[in-house]
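**Q** As they're listed, the protein sequences go chains A and B. Going by our numbering, the residue at position 186 of the first sequence is 663; the numbering climbs one at a time, nothing skipped. Going by our numbering, the residue at position 304 of the second sequence is 306; the numbering climbs one at a time, nothing skipped.
Just so you know, the hints here were simulated from the structure itself, not pulled from any lab data. Note that beta-carbon positions come from the ideal geometry of N, C-alpha and C, so glycine has one too. Any given hint could be a false lead.
Sample of chain B residues at the chain A side, in silico, Cβ under 10 Å [said to hold, decoys possible]: (1) Arg12; (2) Val17; (3) Glu42; (4) Asn51; (5) Ile53; (6) Ile56; (7) Pro60; (8) Asp213.
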Amino acid sequence: MVNRWIRSIDWLILLPVLGLLAIGCVALYSSSHSFQSMGHQPNYFSAQLLWVALGLVGMTILSLVPPRWIQSLSPHLYVLSVLLLGAVLVIGSTGMGATRWLKIGPLRLQPSELAKLATLLALARYLSRPRVDVNRPRDFLLASSLLLLPFLLVVRQPDLGTALVFAAMALPVYYWSGLKSGNLFLILFPGLVMLASFNFYAFLVVMAALFIYLLASRRSMALISFNFLLNVFIGLLTPVLWNHLKPYQQQRIRIFLRPEMDPLGAGYQIIQSKVAIGSGGLWGKGFMQGSQTQLRFLPEQHTDFIFAVIGEEFGFIGAVLTLLLFALLLLRITQFASQCRNPFFSLVSIGIGTIFTFHVLVNIGMTLGFLPVTGLPLPFISYGGSAMLTNLAMIGLLLNFYRHRFEAG
Amino acid sequence: MSRFDEPRWRSRRSVFLLVQGLVFVLLGLGLYRLQILHGELYQVHSQKNSIKVITENPVRGHIYDRHGRLVVDNRPSFSVFLVPAQTSKETIHRVSEFLHLDETEIRRKVLGSGSFKPFKIARHVDLTTLSFLQEHVLELPGLEWKVEPRRFYPYPVAFAHVLGMLGEVGDEELKRSKEYEPGDLIGKKGIEKIYDLQLRGRKGYRFVKVDARGRTVEEVRTSQSRLPYPGKDLFLTIDSRLQRYADSLMQGRPGAVVLLDVRNGEVLTMLSEPGFDLNLLSGKIDPAIWNQLLGDSLHPLYDRVCQASYPPGSTYKLVAAIAALNEKIISPNWTAYCPGYFRIGRKVIHCWNHKGHGRLNLQGAIKNSCNVYFYQLGLKIGIDVWHRYSRLFLFGRRTGIESSVENPGLIPSAAYYDRVYGKGRWTEGMLANLAIGQGELLVTPIQMAQFVMILANRGYYYQPHLTLRFQDPVTGEVEAPFYPRQHIEGVDSTVYRVVLEGMHQVVASGTGGRARIWGIQVAGKTGTSQNPHGKPHAWFIGFAPYESPEVGIVVLVENGGSGGAVAAPIAGQLLRRYFYYQGKFDYRAERRAIAAWLKAQREKAIQDSLKQLQNRPVEEN
Numbered sequence: 478m479v480n481r482w483i484r485s486i487d488w489l490i491l492l493p494v495l496g497l498l499a500i501g502c503v504a505l506y507s508s509s510h511s512f513q514s515m516g517h518q519p520n521y522f523s524a525q526l527l528w529v530a531l532g533l534v535g536m537t538i539l540s541l542v543p544p545r546w547i548q549s550l551s552p553h554l555y556v557l558s559v560l561l562l563g564a565v566l567v568i569g570s571t572g573m574g575a576t577r578w579l580k581i582g583p584l585r586l587q588p589s590e591l592a593k594l595a596t597l598l599a600l601a602r603y604l605s606r607p608r609v610d611v612n613r614p615r616d617f618l619l620a621s622s623l624l625l626l627p628f629l630l631v632v633r634q635p636d637l638g639t640a641l642v643f644a645a646m647a648l649p650v651y652y653w654s655g656l657k658s659g660n661l662f663l664i665l666f667p668g669l670v671m672l673a674s675f676n677f678y679a680f681l682v683v684m685a686a687l688f689i690y691l692l693a694s695r696r697s698m699a700l701i702s703f704n705f706l707l708n709v710f711i712g713l714l715t716p717v718l719w720n721h722l723k724p725y726q727q728q729r730i731r732i733f734l735r736p737e738m739d740p741l742g743a744g745y746q747i748i749q750s751k752v753a754i755g756s757g758g759l760w761g762k763g764f765m766q767g768s769q770t771q772l773r774f775l776p777e778q779h780t781d782f783i784f785a786v787i788g789e790e791f792g793f794i795g796a797v798l799t800l801l802l803f804a805l806l807l808l809r810i811t812q813f814a815s816q817c818r819n820p821f822f823s824l825v826s827i828g829i830g831t832i833f834t835f836h837v838l839v840n841i842g843m844t845l846g847f848l849p850v851t852g853l854p855l856p857f858i859s860y861g862g863s864a865m866l867t868n869l870a871m872i873g874l875l876l877n878f879y880r881h882r883f884e885a886g
Numbered sequence: 003m004s005r006f007d008e009p010r011w012r013s014r015r016s017v018f019l020l021v022q023g024l025v026f027v028l029l030g031l032g033l034y035r036l037q038i039l040h041g042e043l044y045q046v047h048s049q050k051n052s053i054k055v056i057t058e059n060p061v062r063g064h065i066y067d068r069h070g071r072l073v074v075d076n077r078p079s080f081s082v083f084l085v086p087a088q089t090s091k092e093t094i095h096r097v098s099e100f101l102h103l104d105e106t107e108i109r110r111k112v113l114g115s116g117s118f119k120p121f122k123i124a125r126h127v128d129l130t131t132l133s134f135l136q137e138h139v140l141e142l143p144g145l146e147w148k149v150e151p152r153r154f155y156p157y158p159v160a161f162a163h164v165l166g167m168l169g170e171v172g173d174e175e176l177k178r179s180k181e182y183e184p185g186d187l188i189g190k191k192g193i194e195k196i197y198d199l200q201l202r203g204r205k206g207y208r209f210v211k212v213d214a215r216g217r218t219v220e221e222v223r224t225s226q227s228r229l230p231y232p233g234k235d236l237f238l239t240i241d242s243r244l245q246r247y248a249d250s251l252m253q254g255r256p257g258a259v260v261l262l263d264v265r266n267g268e269v270l271t272m273l274s275e276p277g278f279d280l281n282l283l284s285g286k287i288d289p290a291i292w293n294q295l296l297g298d299s300l301h302p303l304y305d306r307v308c309q310a311s312y313p314p315g316s317t318y319k320l321v322a323a324i325a326a327l328n329e330k331i332i333s334p335n336w337t338a339y340c341p342g343y344f345r346i347g348r349k350v351i352h353c354w355n356h357k358g359h360g361r362l363n364l365q366g367a368i369k370n371s372c373n374v375y376f377y378q379l380g381l382k383i384g385i386d387v388w389h390r391y392s393r394l395f396l397f398g399r400r401t402g403i404e405s406s407v408e409n410p411g412l413i414p415s416a417a418y419y420d421r422v423y424g425k426g427r428w429t430e431g432m433l434a435n436l437a438i439g440q441g442e443l444l445v446t447p448i449q450m451a452q453f454v455m456i457l458a459n460r461g462y463y464y465q466p467h468l469t470l471r472f473q474d475p476v477t478g479e480v481e482a483p484f485y486p487r488q489h490i491e492g493v494d495s496t497v498y499r500v501v502l503e504g505m506h507q508v509v510a511s512g513t514g515g516r517a518r519i520w521g522i523q524v525a526g527k528t529g530t531s532q533n534p535h536g537k538p539h540a541w542f543i544g545f546a547p548y549e550s551p552e553v554g555i556v557v558l559v560e561n562g563g564s565g566g567a568v569a570a571p572i573a574g575q576l577l578r579r580y581f582y583y584q585g586k587f588d589y590r591a592e593r594r595a596i597a598a599w600l601k602a603q604r605e606k607a608i609q610d611s612l613k614q615l616q617n618r619p620v621e622e623n
């Protein structure tokens, strides 16, 4: 009995998650201590412990429900989360220049976290239907509109970082569901064209490459010309749109891409984060000994920059250990996704892996100073109730799928 | 056949694993670069982040006069600050109204910065005002105050030029000494400038750990921390009572008074009139006051003892006399006839006494300050000899006294005239003029004082100086500069005897009679130097007692008129004070006498103006 129970759990997923939760709590305790020494801040550590406990309960429940329920509930969940996102724009509470939260009693919920999971489930359910082929324009557009709706709602908040998660989810999931490499390129090209459109020669080179590629792909003449003209149109429109933006909007985008332009705002955060991590050295300054953390030079250290706390106080060793736990978890999820017989399970798993990977890359990349400051939290470690619940729910789903991994869909 | 077939997933899985692997390798390399490769750099950075140096300014040395009477010390002064992050518009409004400050200006500087660094909005707030603010501090968030020592001058006007003032360090000065840091107050003029490094003391440094908002968390002890060390106290050679007395004698007339001890070169009085109120210039200078001082037609900021140079007039006849005697161009008994005028070429110049002095020997000529005699003597000497002797008596170069603005003066030579007028285009008439101390010749009162000392000591002299000693306020260690006795070589002592006797007669029975004091033999020489700015400058130079000289004196009243009538009485008064009341002077009696005298003057002035009013025809309406 116990043996069966043990074997029904994917320890390669659960153990890294528990390890990351532990690291997160330690880092948060240290950071929370610095807040308390300043006097007037809530105790993030205790709150986070509560969220972790709630999340683990939720995770356990989700790992035990019949998987069919999940599949059949996903459209309703999708509609619900879109409605919540809409509600945020109407009655949400504002903080840090963006409206992201819904206040329910004493709780502040961030519906965009739930929307990530709900959108993934809806997308996976749609793509796992036997007749749907993402290579067909009609199905492609339908799947994409599932993503586009929450994406636009989150952009309006504005929360560009979280919105990018929806965009980042698209290609890996499409690809996993059978998108042909040729079509993958066709989707990637408009983005490339947008970037190149600010330089005339880069634009010419990209358009020439596209032209050759289209000719070589041996598609119908109509498709080739439509695609080519579409890209020309995008390329010409981008600079016009850019010039249409107000100067402060342009500035915001520039700073997003190059934070050192704003040494007092985003640039300051990056500098302090790099100093915190760099000064940790090999072994770190020790638990609650990091001067950057304890003297609060490190901004947003309980949420977006918590990895810098780990880097400062536990050094290269601690940071690499954290990275290894993430690597173990994420590689295991990919591995698991490829073993699933059920297409829905498989797509959801790969989507979850993608979301986590994106978060880890963007968050730690930002903390290390080579990616822009987006405000994406580090899963299982950053403070935040909605994110913690959603992340542990995703793990619950993975554990659920693991128990039913041999059942075909 | 399905899209979800196992083999197709396997190839896709490799793509995913590859991408994920790359992400982790990238992040790992990023960590390695920051923590291992550049770890030490960032450790230094994080130290700098949180350890702040707090500079503690030392107490600036006090300055005393020769008898240990206080001349400058430091008094507490209160500065008011606002902490931008804590203050409010309401506070700014109330505080600026109360302290009469420009509200919009403060708002612009304080609001919006959000900094925790206190911003100074007012200096030199007096205790009453501060107490009022302190009582209301609860209603005025962000208000802070700090005690900052400020220079206080008990005698702000009489010592204005000797002491000089402090000011914020400038870019040039920052380059000059490593001791200076931006924002420091340093000596800008006078003694405060010359001895700034001795007076300022040594700064102390504390190291504190601060948080990201700049608030102190704890004190850090390092090998570099040290306590501030107070600056040295300076004792001047000046006698503050004589200095103030001289100030009262001048009555605000522009000019200079120098009294020095000829036995050691110590300057007892060094006064440039008019002075200005140093207390008004202490700390932050009010631009309105500054502009008023700059615009004053009497130029009170100008140091008339060291910075200004004047034609010395007849006082300079002594140089020509010495040159002629020492070069044996004349004997003391050589005579010349003064008919009251003198003809050079087609030009006729008059003696100051148009009736003429008749036949005079050298001493008679000095005594009566006969121009005609010295015109003739000048022509006999020639410019080269005259120039050589002028330089021999140290004219045309700085004396080296502790002044930041000393002027070397000007002693024209043949080469100088060649340069200015062209070779052969200047005449002997110019030399005749130089011999009576007119023309291009320019000297400073301090140079004249040095000259008097050389004469009184018959060739021996000391560099005129203001520094008696420095004293370390902590250890009591005394450090006195040494000024060696120096000698003017090549002048025969008999020459001095003849000239000094002439000077003696000047006061005893000549033009300088009003410098005479009862019981003390004074020797001197008057001067009335013509200048293009109006009435002649009144000069008196002299020393006393004649037999064994103690002090030398120089009085100059700019555009004051005749030296004998204007400068000599002032010199006499000061000498009288020096000899009669040395140390045991009844100050109250003197003050009463001065008050009575001033009252009489005032009465007289009132009477005069009343008379004028009565004599004026009555105007309609």
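**Q** Which numbered hints does this structure break?
**A** 6 and 7
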